[in-house]
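Colleague: What follows is the residue order along each chain.
2 protein chains.
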Amino acid sequence: MKHPVPGGLREEEEERVLVSEQSWRPCPKARRRLRGCLEWVKQQLFRVGEDWYFLFILGVLMAIISFMMDLLIFRLYEAHRWLYQEVGDVLVLKYLSWTMYPIVMATFSTGFSQSITPHSVGSGIPELKTILTGVVLEDYLAIKNFGAKVVGLTCTLAAGSTVFLGKVGSFVHLSTMVAVYLGKMRTSVMKEYENKFKQNEMLVAAQAVGVASVFGAPISGVLFSIEVMSSHFAVRDYWRGFFAATCGAFMFRLLAVFNSEQETIAAIFKSDLKIDFPFDLLETFFFAILGAVCGLLACAYLFCQRWLLAAVRENRLTAKLLATDKPVYTALVVLLLASITFPPGLGQLMASRLTMKEYLITLFDNRTWGLLVPNASSLADPPSKDPWGLWQEWCHPSATIFGTLAFFLMMKFWMLILATTLPLPAGYFMPIFVYGAAIGRLLGETVALLFPEGIRSEGALHPVVPGGYALAGAAAFSGSVTHSISTALLVCEATGHLSHVLPVILAVLVANAITQKHQPSFYDGTIIVKKLPYLPRIRSRHMASYQVVVEEFMERRVVALAKGSGFEEVLAALDTSADAEYPVLESAEPSSSPSSRATRAPYCTQKTGTLGDNCAIEPIMLQLSPWTSLHQAHHLFELLRLQRIFVTRFGELVGAVSRAELSGAPPAGEQRFGGAAGGAGAG
Amino acid sequence: MKHPVPGGLREEEEERVLVSEQSWRPCPKARRRLRGCLEWVKQQLFRVGEDWYFLFILGVLMAIISFMMDLLIFRLYEAHRWLYQEVGDVLVLKYLSWTMYPIVMATFSTGFSQSITPHSVGSGIPELKTILTGVVLEDYLAIKNFGAKVVGLTCTLAAGSTVFLGKVGSFVHLSTMVAVYLGKMRTSVMKEYENKFKQNEMLVAAQAVGVASVFGAPISGVLFSIEVMSSHFAVRDYWRGFFAATCGAFMFRLLAVFNSEQETIAAIFKSDLKIDFPFDLLETFFFAILGAVCGLLACAYLFCQRWLLAAVRENRLTAKLLATDKPVYTALVVLLLASITFPPGLGQLMASRLTMKEYLITLFDNRTWGLLVPNASSLADPPSKDPWGLWQEWCHPSATIFGTLAFFLMMKFWMLILATTLPLPAGYFMPIFVYGAAIGRLLGETVALLFPEGIRSEGALHPVVPGGYALAGAAAFSGSVTHSISTALLVCEATGHLSHVLPVILAVLVANAITQKHQPSFYDGTIIVKKLPYLPRIRSRHMASYQVVVEEFMERRVVALAKGSGFEEVLAALDTSADAEYPVLESAEPSSSPSSRATRAPYCTQKTGTLGDNCAIEPIMLQLSPWTSLHQAHHLFELLRLQRIFVTRFGELVGAVSRAELSGAPPAGEQRFGGAAGGAGAG
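Protein chains in written order, with this note's numbering: chain A, 1 to 683; chain B, 1 to 683.
Everything labelled a hint here was simulated from the structure, so no lab data went into it.
All of these numbers come straight from a predicted model, not from anything done at the bench.
Warning: the hint list may mix true and false statements.
Treat identical chains as interchangeable: a pair holds within one or across any two.
DSSO-like, lysine-lysine: derived pairs with alpha carbons at most 30 Å apart [what the hints assert, rightly or not]:
# : residue 1 : residue 2
1 : K94       : K144
2 : K184      : K29
3 : K517      : K42
4 : K517      : K198
5 : K517      : K184
6 : K517      : K144
Could you put together the complete structure from these sequences and hints?
Modeller: As structure tokens, this is what we get:
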């Protein structure tokens, strides 16, 4: 509202201003009341907490980014397809156009993202998981990674199914970067502790947005991000995740409607599996077998993946390449991958002309391929636009669909592992998901072959639906690789198909039971290989963890400061150790002396101090006693996201426990992964 | 394997034994190998932990109980229906047969369960919630409640939709009782702490089983039980809940197949809403309005419910009845309820001849009632067996379906609240669910009336589906009453219909935003009225909770024991206070003296001790410092399920904090509910 300026203005001018104001705004009373109402509504809305509009913006923003990226990737992919067709029938040109395009894309992705920041490489989920346990990884969530990651990811995905990488993991990283950036923009009167607390809440919500805006699946987005990221979860934070994920999923699907891709809001991989008779009781047995197969393959995959990640780092040639010429490494690997998927070559046996999304759509097809007659001319044609004809890519004149599916599984196994070593921004969930769907499809088609007329139950014959097995396979394999159960729901939400939910969960549980026992999850494995701080789980049957007490494994040599110590002493302490925090004692006597007269209590101080008195000294919240059991200490570290906690006996500082000591303690130590042995443990 | 007894046996006999053994068991090598294999498999299976078969038994057992109970209730209900029809057209007889049956059932339920144990009354969820925060409620989970609750619940439910009560809450209680009983049966080498830890894990899984075996919905069973019960959740425990709930849901639906109710495993309230075009974008606006309406009604419901619960306890007449003659109170209330639902009377305006399940099936109907022509003779007929004709119960010649729906909502509002005061075993979730579905149906039919030709989007006309609104209404109302979001998924799983998931979540979020701000949840409200130990939430925008420190609100007068104190001193301490644990100091000097020379550390001891030295002294895990903030202390209590924690300064015991102090501390105190004011706070 513009008020007339008092004084310094001629009166008539002032009057004119007033008149014009009044003539433009009639009914001052009604206006005032309306304004009061609006003010009240605003207050009411903002009283719930200022979080909701922040979450709304986050959700909508990520959905728009996800959608725009999809659109751009689709255009780039179309360009590649066009180029490949237009180049004619000369095999060399065809080969060059098939291989060069992904090489250029992937190499640019590597070079661009590496030149801006090395943090943008990979999915980012292992690092996020570490951050959520309370470790500070500087710059990892800085907004400058954002541009590099968006551009790099777009190029990676535009390289298509040749490189066979996905979007989910990177999107979770992007989403958290946006959340942290938005969080910084909010003017805040919060203290540091509260801020950290708040940031964790927001990170969890942001991760849910990341998953939800890729799959358009709000509920499983929240659950998946919880399972993968956290060890403990506050129910209080549920609504944040759900709200943000719903906004994201809604916006994502809305944009598809506006873009006339879909008539209304619907699932993204909408499947038309018939729902009047989804599966017979007898089939639950095959679903359990599918779960076991997925679990075993997931074990093999995780083992090989970790082995290759380590081997690439140790091998002299690749290590040198990765250290100095990352784009060259990328180019070489992509050349190999693209040569194998070349459609007139081996590619025709693995349906390599399909995109990632088309892979899923064909594998979730509700028809039984074994019973369909393929169109003979399909191989010569470009992939049909008709989704009903897409499946013919899986047909090959000399191999049955069983042959192509088996070959696809065999080849993609090592190609996928090789692709995960590429130093470019990418997600690793989607390829695992597609791979699982192929396992399920193969088993489903086999079952359909065994019972060509369907399974007889109570007189009626019910045909086997291999699409249902593909759903279960995708959920079971991706679930066991990531050690999560909510992929069962993800599959349902992404396909809009709920009637297979029980056999899908069954398969997921069986697969998880096998994998969790033998291998750490994909993300934990990466954390171990990258040597990020990691707290191994204690299995509940490890009775010993209740008997081992803190005294036995705590670090006894703690560098402590006295409250009265001067600059010299502080400097000496800073030189002696690299700790981020130092305990401050009330008096200067060595704390280990049992005859000390003055009582002591440790405080924490930041590394900024010059003098014990006038630097930032914070009271500590908790102290352990030497008789606390390992199990209790572990529980505390997990629950409270602690980094280091001091141990006092009768008020004297006797030691400290950090994650390193905890991991090295006798029973937890068994859990550490020497190569591939040991397991993260589900129990 | 039976070995021949060496010596004391005649040789030939021995030989015969050997021969017979060999003749019966050929191929000793293969057998041995097979046995070795089986042994290995057994070891492998049991290495995962012994939990899984325990959970399997729990799930299957609860599903069988749930199914048998359903079957029995159905038979009892059929008997009532038959009686009502056979009695002829004499109005008095009809009235008597209509009212007496539920009165007898409910009165027997009250009398029987009360005579065995008063703990079996109500849903049990508020008490379970309290137990999960670490409070020990003796006998509440004893197996002797089980029989009383099963019989009582069966009778309550057999009284049908007249009493309008459900099964979910009680089933959760039953499930936990079974879990605790099974847990006791396991021989255990675990220490007390571990046992408690384990029991909590099992309780959470048991709750999931309770929900899953009623709705046949495994995923939302787990999520709903987490949201309602816990404030924090360990992701480690996820699989337990999922596994047990899947077993329960699978078995529950399997039994329906064996009983030839269903052809194969499918959702229990299977709806046939068309999925090719579930809803138009414009309709999301109406879904949001539905959410707001549900939220406001939930606030009103919660307020009235808490008010009535308190009023019934305070009113002299009802308080006397409830204290001495509970069955009389039940009989009177049920007489009132049954008189109102008498079909030739007011009952014809509220479709009172339908069961709870039929209510849901009709309300989730995929047709638009406003466009259907009712069969004129429907009122005279008994309710049709044809599910397609059931909806005609909602028709009345002089009132439109809008009239009957509105009348149903108006009357059931107070009848439902009155029913919750009945002292008998029952669940309160189902009636709330049905009520929400009716709200949604009314709004959906209104929208369908406003757009009789459907909503035009991009040229095509799409009719409005009121069934979708009923889904959203059920989820939003039940979600906001219980402060949970997972009802959105529950609705989808129970109906097997996923395409409405986004608008349903939207409605649930809007409803929750309104209710969580103004009212405590149904269960929290009951905890407050019943004066059970309760820790109010701190809203995240309560900045003050970061400034208030433990020193300001801790209890300073802590009765402590010295390590060397004798029997007399211990006895004196036991007389002075009623604490369950006492801190044990190293020396006898009063801890408040700052000049004490010996350092002190408090220990906890159980109330069994006679001497400081030879009674059970346990080391304490944690100590707070006086400068810990209220927010941090609250967080610790919530996370670690603490009951009481000691505060030390420089190693001296200076005070203790328990839940009482925490609730009374300045900013948390605002959160306490004086009558209906204040709110549990979502933020």
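Colleague: State for each hint whether it applies.
Modeller: Here is how each hint holds up against the structure:
In this homomeric assembly, K94 and K144 never come within 30 Å of each other (Cα to Cα): the closest approach is 38 Å inside a single copy and 78 Å across copies. For the homomeric pair K184 and K29, neither the shortest alpha-carbon distance inside one copy (40 Å) nor that between copies (72 Å) is at most 30 Å. Taking identical chains as interchangeable, the C-alpha atoms of K517 and K42 lie at most 30 Å apart only when they sit on different chains, with a minimum of 15 Å there against 53 Å within one chain. When the C-alpha separation of K517 and K198 is checked against a cutoff of 30 Å, the pair qualifies only between copies, where the shortest distance is 19 Å, while the shortest distance within a copy is 34 Å.
Proximity of K517 to K184 under the C-alpha cut-off of 30 Å is restricted to the inter-copy arrangement: shortest distance 27 Å between copies versus 41 Å within a copy. Proximity of K517 to K144 under the C-alpha cut-off of 30 Å is found in neither arrangement, the shortest distances being 39 Å within a copy and 38 Å between copies.
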